[in-house]
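Protein chains in written order, with our numbering: chain A, -19 to 312; chain B, -19 to 312.
Please keep in mind that the hints were generated in silico from the structure rather than gathered at the bench.
Among the clues, some could well be false.
No distinction is drawn between identical chains; accordingly, a pair holds when it is met within one copy or between any pair of copies.
[As the list claims (entries may be wrong)] In silico SDA-like links for lysine to any residue, alpha-carbon gap of 20 angstroms or less:
id, residue 1, residue 2
1, -8, 11
2, -8, 68
3, -8, 288
4, 201, 68
5, 255, 14
6, -8, 80
7, 201, 218
8, 254, 269
9, -8, 67
10, 179, 69
11, 303, 101
12, 222, 15
13, 222, 203
14, 254, 16
15, 288, 202
16, -8, 37
17, 9, 117
18, 179, 70
19, 220, 134
20, 255, 15
21, -8, 291
22, 124, 142
23, -8, 289
24, 9, 98
25, 124, 178
2 protein chains.
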Amino acid sequence: MPGADIQLRSIKGFHIGGTVREVSGFEPKSRSIVPGEPPEVVDMNGDHALGQMYASYYQQTNPQFSLPLLLWHGGGLTGVCWEDTPDGRPGWLDHFLRAGFDIVVSDAFERGRASCPAYPQMLPEAPEYRSLNAIWHHFRLGPKGSYPGAHHGAAIREKAYPNQQFPVESLEQFAKQFVPRWTDTDQQAIQAYGRLLEKMGPSVIVGHSQGAYYALVCAQKYPELVRTVIAIEPPAVPSKIKISPDTSQNYLFLWGDYIHGVTNHWERYLLASKKYSEALQSMGHGAEFIELPDRGILGNSHMSIMDKNSDQIAELIRSWLMKRVHDIRCSR
Amino acid sequence: MPGADIQLRSIKGFHIGGTVREVSGFEPKSRSIVPGEPPEVVDMNGDHALGQMYASYYQQTNPQFSLPLLLWHGGGLTGVCWEDTPDGRPGWLDHFLRAGFDIVVSDAFERGRASCPAYPQMLPEAPEYRSLNAIWHHFRLGPKGSYPGAHHGAAIREKAYPNQQFPVESLEQFAKQFVPRWTDTDQQAIQAYGRLLEKMGPSVIVGHSQGAYYALVCAQKYPELVRTVIAIEPPAVPSKIKISPDTSQNYLFLWGDYIHGVTNHWERYLLASKKYSEALQSMGHGAEFIELPDRGILGNSHMSIMDKNSDQIAELIRSWLMKRVHDIRCSR
């Protein structure tokens, strides 16, 4: 399906949301900023930007779809998760650009190019850094206690779940995608995403993990702007549904493998999102809940967006959008 | 000169350089990672990636030039400085893509999408956060003591140097581009840039500020790979020149306004890079040293890459490359 070339009217990165405020509490420190120059005392107190997020916007010369695709990454990652796979294949940015979508790839508040706030001066707590051991288990790469250690060599494949689609041989390359993340900044992140939605207008959000949760929250807050949500393994759902039926939206929930009877917390998250999908449907929204193994697609980790069959998953989403979202094709 | 569309064979983000190593010293901490879930103790010790940088690579369908342009940002910033201007105009990424160059925009080690290492667990010191006050003065926006404070309104123009080309009205938007930076990690940053150069092959580097210094260092370390350096206001130069004359390179040094008799430290940096340019020339390299005011281009701050006349500066660089770099046009 992907075409030979990508023809764009514009590529534009920008920051959005947040504000400048006065920050204090930095201790004066003597540093040499320029090689060869003597150290000088740098006072870092003063006005700083806080709360912004980063986005890059790819506009097609001839878009095939009327709504842009907003790709929202999960916790600990940045927009790079849509641009690259650990084994170096093109990511979903490439796939959906060639399919003819206008696309926004973003870094949420406090991740990557959005900047990393100082603590305790800008945010009270220190951020979380996720170790490869934690990634291995939390992202469902292999059974409990099977993390093979760094510099593992080819034997790593034997440690993973059978049929594992994640390119585990490239685990160390995947580790390079991780950035610090706070665990108590949902409100700030959602606020900046709101500014992004206001700028973009009616959109389709493809959210992964934490990004899928943010997409579900924003779909409630901005029903006119969030027309469709593709929620890939959201670990949480909004506590209430309060959307009026006259702003009908479309939802697709996608879940991978190694969940039922294997990883209890993921099973709990899956069941919560299934219940949420059913509630959306009962309120008149279009909502579909898909477990990939039920479609015969086996072996997907939490990272189906970059698993070896990531193109297959992307195509599943594209054809679902074409079939289910009435007004998605360009009428131009 | 810029054309109507950008036609690309490929857009690809990736991380390069660095390695995975064991990190200790994180104290166990109880956190709730998922909304609604009870807090759990997260042990962050273990294997983490460190030393990597991030790059996005834009490959033209029909490149007009035989060497890719590598855009290396300055201290405190990321690759976004090439993608956006504070007042929302397209940045140099857009300009040079439309001119037909293959382009790499990158985030150096410990900046933006390259990740922000934990301290003291991964890097011994805390990073520097630059306040707007410091930015205002260090980037030559206005005279000593003239920083107008946040939420300044239109009156900010009166505080700036006369004829200031920097879009000072959008100073707060510029603040959003800043990320923490360390001041003692030159070696790690240069090492990762080396991996990038090895991947890209012979290249032209456009470096701004600290990125220009890194480009000059890499030009010595990798003379076969760094064919041309456009050094925009490097605050430092390598202490020795040791390149053999049989790998002749091209250098362009570009400096802005408000330096001579105005900002002493910038005058010192300028004179050091002028001396370096002359030394390169005496060794058989092509080296040109340009002060924009000498060409009648007035009012450029340290941020000529995003000043209001940034397109004019980009065109100056493009035509210099066409004239001076013998083999830069595509023979395809």
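Provide an ascending list of the numbers of those earlier hints which the structure does not satisfy.
Violated: hints 1, 4, 11, 15, 19, 25.
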